[in-house]
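Protein sequence lines correspond, in order, to chains W and D. Residues 1 to 336, numbered by the UniProt record's numbering, are exactly what the first sequence covers, in order. Residues 1 to 305, numbered by the UniProt record's numbering, are exactly what the second sequence covers, in order.
Hint data in this document are derived by calculation from the structure and do not stem from the laboratory. Predicted, not measured: the structure shown is a model, and the values here were computed from it. Where hints are given, some of them may not hold.
[What the hints assert, rightly or not] Across the chosen pairs, the derived CB separations fall in these ranges:
{"#": "1", "chain 1": "D", "residue 1": "Val156", "chain 2": "W", "residue 2": "Pro72", "range": "49 to 55 Å"}
{"#": "2", "chain 1": "W", "residue 1": "Gly132", "chain 2": "D", "residue 2": "Ala106", "range": "49 to 55 Å"}
{"#": "3", "chain 1": "D", "residue 1": "Val103", "chain 2": "W", "residue 2": "Lys205", "range": "57 to 63 Å"}
{"#": "4", "chain 1": "D", "residue 1": "Leu130", "chain 2": "W", "residue 2": "Pro72", "range": "21 to 27 Å"}
{"#": "5", "chain 1": "D", "residue 1": "Ala106", "chain 2": "W", "residue 2": "Lys182", "range": "50 to 56 Å"}
{"#": "6", "chain 1": "D", "residue 1": "Phe289", "chain 2": "W", "residue 2": "Pro100", "range": "43 to 49 Å"}
We put the beta carbon where it would ideally sit given N, CA and C, even for glycine.
Chain residues, written in single-letter form:
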Amino acid sequence: MTAAAKIMQQPGEALIEIHDLTVQFRTAGRAINAVRGIDLSIGPGESVAILGESGSGKSVTGKAVMGLINAPGKVSGSVRFAGRELVGLSETELQDVRGPGLAMVFQDSLDALNPVFSVGEQIMEILMVRLGWSREKSRAEAISLMQQVGIDSAEKRLSSYPHQFSGGMRQRICIAMAIALKPQLLIADEPTTALDVTVQAGILKLIAKLQRESGMALLFVTHDLAVARQVASYLVVMYAGRIVERGPIDALYARPAHPYTRALLNSNPGSVSHWSQLHPISGNPPDKTMVFTGCAFADRCPRAVSRCRAEAPALRQVAPGRDSRCHFAEELLDAH
Amino acid sequence: MLKFLSLRLTTSLIALAGVMVIVFFLARLTGSPATLYLPADASVEMMEAFNRQFGYDQPIPQQFAQFVGNVFRLDFGQSLYQQRPAAVAVLSAMPQTILLAAVAMALTLLAAIPLGTVAALHPHSVQDRLITLFSLLTASIPDFWFALVGVLVLSVNLGLLPTSGQASLLSWILPVATLMLHPVGVLTQVVRGAMLETLNAGYVQNARARGYSWKRLAFRHALRNAALPIITVAGDRAGGMVNGAVIVSAVFAWPGIGQVLVDAVYNRDFAVIQAGVFVVGIAVILLNFLVDLIYAAADPRIRIS
Chain W
1 MTAAAKIMQQ PGEALIEIHD LTVQFRTAGR AINAVRGIDL SIGPGESVAI LGESGSGKSV
61 TGKAVMGLIN APGKVSGSVR FAGRELVGLS ETELQDVRGP GLAMVFQDSL DALNPVFSVG
121 EQIMEILMVR LGWSREKSRA EAISLMQQVG IDSAEKRLSS YPHQFSGGMR QRICIAMAIA
181 LKPQLLIADE PTTALDVTVQ AGILKLIAKL QRESGMALLF VTHDLAVARQ VASYLVVMYA
241 GRIVERGPID ALYARPAHPY TRALLNSNPG SVSHWSQLHP ISGNPPDKTM VFTGCAFADR
301 CPRAVSRCRA EAPALRQVAP GRDSRCHFAE ELLDAH
Chain D
1 MLKFLSLRLT TSLIALAGVM VIVFFLARLT GSPATLYLPA DASVEMMEAF NRQFGYDQPI
61 PQQFAQFVGN VFRLDFGQSL YQQRPAAVAV LSAMPQTILL AAVAMALTLL AAIPLGTVAA
121 LHPHSVQDRL ITLFSLLTAS IPDFWFALVG VLVLSVNLGL LPTSGQASLL SWILPVATLM
181 LHPVGVLTQV VRGAMLETLN AGYVQNARAR GYSWKRLAFR HALRNAALPI ITVAGDRAGG
241 MVNGAVIVSA VFAWPGIGQV LVDAVYNRDF AVIQAGVFVV GIAVILLNFL VDLIYAAADP
301 RIRIS
């Protein structure tokens, strides 16, 4: 049984179970639907990537799981983490879960680190505040954490400030801070998007290695399928706030079961052998205030027929371990 | 950092020199001290004798040259009115002034930082609106009116507080409140604005994701980053408290530098005016220097560059 099949069929073993998660922002009488009902479960030690373009709701999903959606955002549905419902918890109640339960790495490492404290102070603060450790013990652990994420002469760099590090090194420090309390689930929100490609590879290797060695689960948010493949074994594709396809990442890569996933593959320069084969997806993602009667992707879909605009497809199993939100998923699978 | 500080010090000293030149000539435009200190029917000989005694018979440029020479020896001459060295007359008033300003500034910060933070934590809430109303009120009430009404109501009518002097701790209440009035309102709004920005910054969200309490997020992670605008405005207002305590001096007869300067102008006591402006100028330069040092302590990016 594959890891993916396991999480689909035995939700009782899941570390985190997300059910009908919805995030809506109400401003000036308009309702912006960032996430329109997501179901997803991740087992202990599993690595899942959420793939989607800007505005697909992938980052908002990650933040909603952490409880980091601020007013006027409204989260509904259910997020059960280690048997505990997180939606509706107060900030104080969420404090226990954040850190040892859920941890997060953000996209912009310069913005994510406090500019007025040295990185050593910031790493040590976690251990002193959350675990009640002494300064000396926290200092030793901070050095060890910095070494684990591949920072040379860690002891010397403890007193350096965030702006004195390169982007890649800063992101390594953010990762060190995220794993300091040995989280059960690490949420990484586009952690390599702001980095050079060469630096990006190093960070991805590091995340994959830490995940493998510590046994923590990983929820990796990205817009880049090639990146997702390097860290995750299971892929969730989001479009317009919904999951349109999910399954084991290599299976999706080989035989996509949704036209959107297929279009993403064709628009990725890494997946085609010649530039002339590169097909950008025409049109723009739909307006987030829209309410759909049919399929949200219909307007940009090369296969769309009148049924697609009239009848909204449900997310359904189309092959063992594979789910797709397309009326013609089976045809797509067979076409390969 | 050292280069920056020495540059700041140099420009401040040039500004102080400019102010001293202006004060020297403006003071002499108020008229001759001889007409004030001698009886109305004094003879021309008496006038000339008076001017000769204090050096006012010399041409103005020559008086100025002598004044400049003396300043470099820190000699500000004799006070005509007080019959003692002008520097002594001024410096003896400084402790009262600095103490009053320090107490008022400390209380201003103690009030403005929590108020502004609470407002920023709950933007557009009832607390926020009440705090904003309070800060707008205090920032817009004329301080001389507040001082006079305070004395009238609390001291004269109700007899709760002394009207003037500094005999007991109670006599500090109205002078301190008057000095705090505008700064507390302005600073509360500055804290609110700066904290609104830093509370939403990525590093505070990241710290929140590590499970810290709101107190730690607000008063450690957000406030340290909001410190620069707060220090700037607090420093500016502290300068105002040192040299602008004239109202407090006038209404409450507080024996500070404001009182000394006002008396000196009325008495055409040129030496005291010059010494007073010089000492206040030095105090403001030192204050700015202190603000720069606090900047550097608060933000490593300034310290290192």
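Now the hints, each set against the structure:
Between Val156/D and Pro72/W the beta carbon distance is about 52 Å. The supplied range of 49 to 55 Å therefore holds. Distance hint for Gly132/W and Ala106/D: a CB-CB separation of about 33 Å, inconsistent with the stated range 49 to 55 Å. Against the hinted window of 57 to 63 Å, the Cβ-Cβ separation of Val103/D and Lys205/W comes to about 59 Å, which satisfies the hint. Checked against the hint of 21 to 27 Å, the C-beta distance between Leu130/D and Pro72/W comes to roughly 22 Å, which is consistent with it.
Restraint check, Ala106/D to Lys182/W: a C-beta distance of roughly 44 Å breaks the suggested window 50 to 56 Å. At roughly 46 Å, the beta carbons of Phe289/D and Pro100/W sit within the given window of 43 to 49 Å.
The structure fails hints 2 and 5 (numbered hints given earlier, in ascending order).
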